[in-house]
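> Spelled out from the first residue to the last, the chains are:
2 protein chains.
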Amino acid sequence: MFPFEVSHTDSDSHARTGTLVTPHGTIRTPAFMPVGTCGSIKGVTPAQLGETDTDIMLCNTYHLALRPTADVVATFGELHDFIGWSGPILTDSGGFQVFSLAQLNRIDDDGVEFKSHIDGAVLTLNPEQSMDIQNKLGADIIMAFDQCPPLPSTPEFVTEATERTIRWARRSKVAHTRDNQALFGIVQGGLDVDLRLRCLDAIVEIGFDGYALGGLSVGESFEEMSTCLAGVAHKMPTDRPRYLMGVGMPRDLVAAIRSGIDMFDCVLPTRNGRNAYAFTPDGFLKMRNACHKLDASPIDAACDCYTCRTFSRGYIRHLFLANEMLGPTLTSIHNIRFFQRLMNRIRELIPQGKIERIHDEYPVTRENSKVE
Amino acid sequence: MFPFEVSHTDSDSHARTGTLVTPHGTIRTPAFMPVGTCGSIKGVTPAQLGETDTDIMLCNTYHLALRPTADVVATFGELHDFIGWSGPILTDSGGFQVFSLAQLNRIDDDGVEFKSHIDGAVLTLNPEQSMDIQNKLGADIIMAFDQCPPLPSTPEFVTEATERTIRWARRSKVAHTRDNQALFGIVQGGLDVDLRLRCLDAIVEIGFDGYALGGLSVGESFEEMSTCLAGVAHKMPTDRPRYLMGVGMPRDLVAAIRSGIDMFDCVLPTRNGRNAYAFTPDGFLKMRNACHKLDASPIDAACDCYTCRTFSRGYIRHLFLANEMLGPTLTSIHNIRFFQRLMNRIRELIPQGKIERIHDEYPVTRENSKVE
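Protein chains in written order, with my numbering: chain G, 229 to 600; chain B, 229 to 600.
In short, the hints are calculated from the structure, not lab data.
All of these numbers come straight from a predicted model, not from anything done at the bench.
Keep in mind that a hint or two might mislead.
Copies of the same chain look alike in the list, so a pair counts if it fits in one copy or across any two.
[What the hints assert, rightly or not] 27 Å max Cα-Cα, derived DSSO-like pairs, lysine-lysine:
| no. | residue 1 | residue 2 |
| --- | --- | --- |
| 1 | K463 | K521 |
| 2 | K463 | K364 |
| 3 | K364 | K521 |
| 4 | K514 | K582 |
| 5 | K364 | K343 |
| 6 | K343 | K521 |
| 7 | K463 | K343 |
Sequences are here, hints too, so could you generate the full structure?
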């Protein structure tokens with residue numbers, strides 16, 4: 229079990245900061261994981277990712293299992309070797325993408341049958357297959373196979389998915405064969421705090437190296453998610469990392485951290501970066517907007533990323549209007565660095581007992597305000 | 229006039245090596261200039277370009293004049309400031325793109341009227357406008373406005389374009405207003421060596437800071453171009469840089485260097501990189517090919533670029549099949565470095581009197597052989 233140490237816990241909230249040690253390096257928590265869907269952070273090299281002070285990245289089991297396949301990756305060693313990233317990696321279970329991207333043919337207790345979104349090939353995925361794939365990929369942290377219900381769903385559907393998630397968690401733990409990979413269990417239950425807590429008890433009973441909340445940020449409001457987090461996160465085991473999957477916007481991150489969450493992943497910095505949305509402490513900049521045309525200032529004068537040290541808003545706007553690849557690349561680099569600077573500042577404020585200051589320093593964490 | 233010094237000339241050919249000093253840095257010749265069409269080497273940051281040991285890059289006046297316009301660039305300072313590249317830059321005159329990309333409405337001695345390839349807007353370009361734009365862009369080296377006839381063309385058409393090029397060169401020199409930019413004259417004349425030499429005499433008579441051959445690599449065979457180069461290049465002034473525009477393949481570069489050429493530009497490393505063609509000393513690798521699927525070796529084991537130091541052929545193939553932006557970026561970085569390593573090796577061999585060795589070390593310079 230990877231050493232996890234909480235060095236400080238906030239006195240006014242459940243926020244905490246610490247370190248998780250993995251075979252490929254130490255992760256400072258709270259930690260934000262950029263997403264390398266197919267084994268690459270879109271448009272960003274591992275060297276550029278390293279310069280953003282990212283400790284750990286996430287790769288998607290579903291995408292890698294379809295292409296190039298886990299067996300192909302394994303011939304290169306581990307995923308780290310294949311993608312040229314020597315730091316820690318987390319792979320998800322593949323479940324979320326099967327339920328959101330693929331066309332589902334059948335779901336039952338054994339697992340799921342679906343059609344590949346790439347070529348329509350009929351494939352199956354179940355806990356044993358997910359563990360086999362993730363064992364072959366060799367990420368530092370891997371995830372139990374779960375069923376993620378969309379929101380809103382009927383209470384019956386959410387309950388059924390939650391119970392199946394528990395059964396699949398048990399099988400995932402049995403199927404996991406590698407000692408040098410941490411296996412995290414996933415708690416489902418929709419927005420029903422009681423159901424979440426019952427699921428949490430069952431998942432903890434099985435016993436994992438860390439615990440995740442899945443099935444949030446899937447259609448519910450900020451208030452709904454916050455309420456659920458406030459009721460559940462701090463009841464997750466204190467001695468193990470707590471991971472909120474697929475989240476999120478800066479204010480989501482801060483709310484979750486105050487509820488006791490340690491880890492996050494989200495495509496937002498890169499997806500928004502490719503679409504010309506740049507994060508700043510005050511909100512978004514839409515980089516295609518005409519107001520940036522003659523603006524020689526960087527996206528964020530306080531940011532120390534390569535993009536902000538080197539390029540003006542005017543140039544980045546030009547790149548997007550000219551459909552130059554560098555527009556998405558430079559904005560993604562900035563956005564990832566923005567998230568890492570935000571996390572770093574939170575890690576500084578927690579030991580000082582001043583996490584609420586983050587809302588003054590980063591007004592974007594109060595609401596999803598926009599500027600141009 | 230920028231200091232240009234030839235340190236060594238080959239005894240068996242007209243090949244020579246030296247340095248050209250510009251306000252933004254020294255260019256080692258023979259020099260290869262990667263092309264940043266719209267003010268960005270597609271997919272490659274200035275930092276990554278610097279790591280390829282590139283001394284100077286080219287930007288296209290036509291593209292920048294249309295978008296974002298020279299006036300916009302000038303509000304940011306010079307082109308260097310706008311694009312974040314602190315090394316030397318050369319801008320072309322815009323003529324080549326007007327004749328190849330835009331829809332021509334009219335050409336006469338005053339200049340050309342054409343429709344923008346972006347939005348169909350009717351625009352004009354003439355020597356005075358080209359100089360004004362290039363003066364505003366502020367590149368270290370700028371080019372006289374010329375008429376580039378496609379090949380094959382009738383002798384009458386080539387002669388007319390050549391004579392117009394001479395008249396436009398005279399007007400370009402008069403219109404050029406900045407002391408800290410070198411202005412190069414362009415020699416046209418198609419494949420007719422006599423016409424080329426008459427044009428060269430006239431252009432030298434006007435007097436420029438360097439001399440370029442335009443209108444080659446526009447449809448003729450390797451043998452036709454080589455014959456033309458052999459008859460013309462060594463008769464260009466020995467005390468000024470000689471620049472062959474828009475060339476080319478590795479064997480074109482070596483043939484031209486042996487004819488006495490000092491500078492080149494070409495989109496090949498980046499255009500081929502985006503299309504999954506990687507250069508090696510033995511020929512091309514088509515990175516999408518199935519033979520690379522399980523190949524853990526780099527594109528070129530002898531290459532020291534970031535791509536070859538970090539990634540396997542198998543991973544790069546995966547990136548292209550998954551349509552990941554990193555495939556074009558990593559292959560472009562390698563290809564640019566390939567061209568710079570080739571030029572560097574040639575610069576080493578010339579003082580040793582052993583330039584012919586380049587054909588053994590880089591068989592791709594003998595013929596455009598392909599491997600997979």
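> Determine for every hint whether it applies to the structure shown.
Each hint, compared with the structure:
1. K463 - K521: neither (50 Å within a copy, 46 Å between copies)
2. K463 - K364: neither (33 Å within a copy, 64 Å between copies)
3. K364 - K521: between (49 Å within a copy, 17 Å between copies)
4. K514 - K582: neither (31 Å within a copy, 56 Å between copies)
5. K364 - K343: This pair counts as within: shortest intra-copy Cα distance 22 Å, inter-copy 56 Å.
6. K343 - K521: Between copies only: 24 Å across chains, 45 Å inside a chain, cut-off 27 Å.
7. K463 - K343: neither (38 Å within a copy, 67 Å between copies)
Checked against the numbered hints above, the structure violates hints 1, 2, 4, 7; every other hint is satisfied.
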